Amino acid sequence: MTKHMILIKNGFVYDPINKIDGEKMDIAIKEGKIVDPKKVKEKEAKVIDARGKVVMPGGVDIHSHVAGPKVNAGRLFRPEDGRRQVRPFGQGLRAETGFSVPNVFATGYRYAQLGYTTVMEAATPPLKTRHTHEEMSDTPILDQGAYLILDNNWVIMEYLKAGEYEKCAAFVAWMLRSMKCFGIKSVNPGGDENWGWGKNISSVRDRVIYFDISPAEIIQGLIRVNEMLGLPHSFHIHCNNLGLPGSYTTTLETFGLSDGMPISPKVGERSQNLHVAHIQFYSYGGEDWKTFESKGDEVAKYLNNHSNITVCLGQVTFDETTTMTADGPFEYLLQSINKLKWINRDVELETSSGIVPYIYRPRSLVNAVQWAAGLEVALLTKNPWQIMMSTDHPNAGPFTRYPRVVKWLVSKKAREETIAKCHETLPNRSSIASIDREYTLYEVAVVTRASAAEALGISGFKGHLGVGADADVAIYDFNPEKQDPSREPEALEKALSRALYTIKRGHIVVENGEVVGDAPKRVFWADICFDEELEKQVLDELHETFAKYYTVSMSNYPISEEYLVGSTPIKITSK
Amino acid sequence: MTELKRLEVSLITGRTIEQGEAIEGRKMAQGYVEAAGVVYLDPEDMEELGVWEGDVVRVETDFGSVLVYARRSPDAPHRGVAFIPMGPWANAIINPSTDSIGMPSFKGVKAVVTPALGEEVLDARSLLAKLRGG
Amino acid sequence: MPERVVSDVVCPFCGCLCDDIEVVVRENRIVEVREACALGTAKFMSLSVGERITKPLLRVDGSVRQVSLEEALKEAAKMLADAERPLLYGWSSTECGAQAVGVALAEVLGGVLDNTSSVCHGPTVLATQDVGCPSCTLGQVKNRADLIIYWGCNPMQAHPRHMSRYTTFPRGFFRERGVKDKKIVVIDVRHTETARLADRFIQVELGKDYELLAAMRAALKEYEIPEKVAGVSRKDILEVVELMKNCQFGALFFGMGLTMSFGKHRNVDNAISLVKDLNAYTKFIIMPMRGHYNVAGANTVFTWETGFPYAVDFSRGYPRYNPGETAANDVLQNEECDAALIVASDPVSHFPAKAVKHLASIPVISIDFHHTPTTEISKVVIPAAVAGVEVEGTAYRMDTVPIRLKKVVEPPEGCLPDREILRMLLEKVCEIKGVETPVVKHA
Amino acid sequence: MKELYLISKGQPKVPLEAEVIKPDSLAGLSTEEIANLIIYRGNRRVRLGEYFEVKGESADNPEELRIIVEGDVSRTKYIGAEMSAGELIVNGSPYMYLGAWMSGGKIVVNGNVGDFAALEMSGGELVINGNAGNYLGAAYRGNWRGMSDGLIVVKGNAGAEIGSWMMGGKIVVEGSTGPFTGVHMSDGIIVVYGGLGPRAGAQMTWGSIVVYGYAPELLPSFSFNEVIPAVEIEEERFEGPFIEYVGDLAEEGEGSIYLLEEKNKHLKPQ
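Those sequence lines, one after another, are chains H, U, A and D.
Numbering follows the numbering used here, with no gaps: position 199 of the first sequence is 199.
Numbering follows the numbering used here, with no gaps: position 118 of the second sequence is 118.
Numbering follows the numbering used here, with no gaps: position 273 of the third sequence is 273.
Numbering follows the numbering used here, with no gaps: position 18 of the fourth sequence is 18.
So that you can see chain H by itself, here it is in the shape it has in the complex (with noise of 0.2 Å):
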């Protein structure tokens, strides 16, 4: 028997990408890639009998807070945290600590155990990417990458603000090679270089102190040179005031800035220029926080007449968590209402960041209207292919739980027992409680596999089971010709929560729901060749910012593929 073949047999089956939508059907592996169930024989392969059960691509992340300065800065000051979920060191496995802020092990295996097999770390600040990329090498099973966070930064500032998009292209091509990251990633864009004053933005049209460019011209600048470049990833944002009652107007006119502005991967085949990131988070209504309101109905109004924008959910999940932003500014305002311990970590010309703990609690009337416009831009968004499942981990809760927040979508029931626990005016603050839709486990498929690896740009070898994927596979225990999701999202809850099998690249590393194993580990970056004179060009400038405003050499600050653990560049030529 070559351990390298599996057969994984009769399983129901959904693969969206590929439209097949629970057909009972085998899926064959050999080398860690899928392959035509022929070309494997039952002989030679471990069998896996997946009769009753649900198959699916390996789940995919497209905006989780797993690895890098703020995340381990949040374990750093919770150890109260830490001590709340522990297994030992054993069986081949590393010991596991924190709920909110698991340890790198902890985090690669629990997600495998859930069925995922690819998470990309929301947010990494330049100058602190080693670590981030020190983590993700340290973290078993999952292929990683990393948004960069670029919009705060002074060059790009600069650049934009004179209108040199092709300097502005051609220094953001250098800075993803260079740090070894996967796309560009904006967070309260011009917001976090005021708070290097203590201060914030509150409109797009704002202007950033001294830089005098506004956050509209941020987001467009850069929307136009990831398009430039042609990134299989679209620009990923975390728009201005995030968090506040009546930010859905902000968000609204976040998206109307990418309105006929191009789509054009030079990778992948992915149909957004904007993804928009935990959009719960800024889907409020409200004057203050005594009318504090849910506009998620806006949102996905909005959505479904705009496909060139996808969204990830930031779906709250009442739990005690840890919220962690590059958004300093609203740390900073957070702390100063529930006035727990905050730290705050601001990068030298690039960005700033805040971290705080948190309790969700569904009686706080906030809370539930969080709660409530997450799902309902997820209900009341047609498509579910502009829909991606996250927690915004661990923002708005662990993403362990992912499967109670499926249980959400597929269970007007499951909906309904929530409501009854949360504040009783939530109804007068958000229409979740009027909705029926209830997802399918097609739509599941969609939101927690295919569409992020669609937005992602990867979705020729991620998040689907078509010949030449990669053998990422989950087996859940859930039979959809019995069990109804609707009337046992409990049932459906638990199956996702355990993965029966977890294959990664062909490797089994979940069975049971335990981790048995590790897989080959790969790490996405963008190795973009743009334009080589102009680069010169603009390196030959950075010096002189390097000599005079870095603390750090300039030959010291780009990062070495050696500190990548499966460095897979993904190689564009841009122009």
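A portion of the hints provided could be inaccurate.
[Claimed, not checked] Stretch by stretch, here's where chain A covers chain H in the computed footprint (C-beta under 8 Å, at least three residues): (1) 82 to 95; (2) 103 to 114; (3) 124 to 134; (4) 344 to 353.
No lab work stands behind these hints: they were computed from the structure.
Note that this is a predicted model, so its numbers are computed, not measured.
All residues carry an ideal CB built from backbone N, CA and C; glycine is no exception.
Fit chains U, A and D to the known structure of chain H by using the hints.
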């Protein structure tokens, strides 16, 4: 016989450039003694105690006693505060208590300084031998 | 004689981790070091002048003999595997790859893993765990700060280039005139060399920092405070508080003066809380002056692998953390540990006598490149190559900016990188324990 | 009530961890089964019976069980940890974490206890007839939720940071306390009959510290409020007269420190 003079001080320890240079590969050499086997005293305190730069003095606390060279503090005035650079000499006499947080009490232990003319300051190796023996 | 100049070398001495050093090498010997301070220069130069260990040593019944690396590792592995509560200590003067192998070793052994932060900024970690810590990278300070406060630290002696490279003297983007655009305040019990460079010196009574901080915080909130607190007049306190409130960007750096004197972590707690309070008025940050060049890295690596930054106890298989019980001085002074592995550190020189006494009574294994009082008491001594000079790797600056250490010269024959030695030791320990050797991907 | 005896056979140098010594774990077991329970010595697993002779009889329910620990337990951690019911009497001086995270039942120690006793206690009663160490009834590292309910009585002295981040319940120390009594407390009562350690009530925001002994000084961020004849806190009356200080003003706190006037005249403003 006249009674020996004594000086009550609060003792602190910390880094110095000389100590920092000396720990790089020269801990078993004489340079380390000169860098860390010393106590910096307020000049007025020294006068009162009747010791001069380079004199050997005994520093004693509830936790032990050690011989070191007296030095004029460049950071005066700080009457009643004595400084011994971090190292084996300081550690022979500081308060080991971690107050249940893991950190010994390296700064602020009550000490008595007395002149010790004619006595010898031990080097790191001899100091260690003494500790292991006692 | 051909000379080689290696530029932008990272200095592996203190937490400043200056990365602009030029090292001149002739025939694999460092002959000149440029840009570095006295401390950094000493470290680079010490490799040829210091008491270097080049052969593994085994000490039996008081006599020392040279042994093969294989024999030394075998002895060391046996001692550690036999132990019921081994202590694995040091880690702050080596690179992150070695630290990661150290975590795996502690995990397999069921030992107690601690780094030197327990005797430097451990209290800062504890305070951060209670109230957080608003901070930033050093470049933010260089480019923006107009008020610099050094409290209970003496960078001119302990971090000699801190003021010239990051805070006081450099010109920054928004501070074009350098020091002329900034105010420097020093708060200390002694009028140190750093204090002599300050615009304002506040002499606080020894062991009264907490009271002074409490008074400043109360004054900031416009409560009345006593005439004199901690030896400082009300007038002086109010003036400093005004300076803080009215600056555009303030930065408070602190050191052992807070973490080691009476109150320890609570001094830091109140200092952090003061800075939190100040953010209601202006931008203000706080930063510990980390000592060892990679102590921040030890905290960082331990945290991402175990959830906890130091004082990690693996005796039950999963990490537990409680300085006061599981830090090196606790397990030594309470005579809990029964063997110790010391990596790139010299606790015999830096721990109180009570702790040293216990350490000297149990089997100790040292991995180091110089003879130290700790290698003197060790049963097994394994010579190592010097990280940051002879070995590449990552180190984290005091503001947790990770920088790649360079290899400037080849190590002496037989001196391997810490991480290689530890990997071999890990393998041997796993063999004895009969467990699968964990794959340490990092490094 | 059934009585079960655990008689120490002596202590190893590497400490033991024996959280099974509590009614919750021992109820319903035979003495043989109890002796076979696993406790920990460093990284080794050992039988409880190796270090304790087990006598008497266990009860079916923890509520009906009294465990009596006799002899040297000076190297045994976690006795009574996470206990929720029944009784535990320790005739000896246990090491760290005695009754840590206890939520119910009663523990009496006829001896001294080590550090971190009754950490984050949420109910029940702990009586220490000797001295207590540091961090008695305190919060675990990083947690802003310390002791929330229950009663701790110490006949002797207590160490540093007792009742840190306390938010409910009561600690009574008949002797003196160490530094930072009730640091960061947000509710609850600490009563001290002996000397009050320095920096009491540091960073407290609410709650009360009642002091019948001598307090050398208070933090500069506490302010004198008034002298009152007696004070009533949560239906309990404390007879004074007391000098009342309010703070910690550094936190804009409204906690109270009541100092018996006759012993603390030096703290009464002129």
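Query raised in the report: Mind checking, does the segment 103 to 114 of chain H have 3 or more residues with a CB under 8 Å from chain A?
Result: Check passed, 3 qualifying residues.
Query raised in the report: With a cut-off of 8 Å between beta carbons, are at least three residues of the segment 124 to 134 of chain H near chain A?
Result: holds (count 5)
Query raised in the report: Under a C-beta cut-off of less than 8 Å, do 3 or more residues of the segment 344 to 353 of chain H approach chain A closely enough to confirm the stated coverage?
Result: holds (count 7)
Query raised in the report: With a cut-off of 8 Å between beta carbons, are at least three residues of the segment 82 to 95 of chain H near chain A?
Result: Answer holds; 10 residues pass the 8 Å Cβ test.
In terms of the numbered hints stated before, the structure departs from none.
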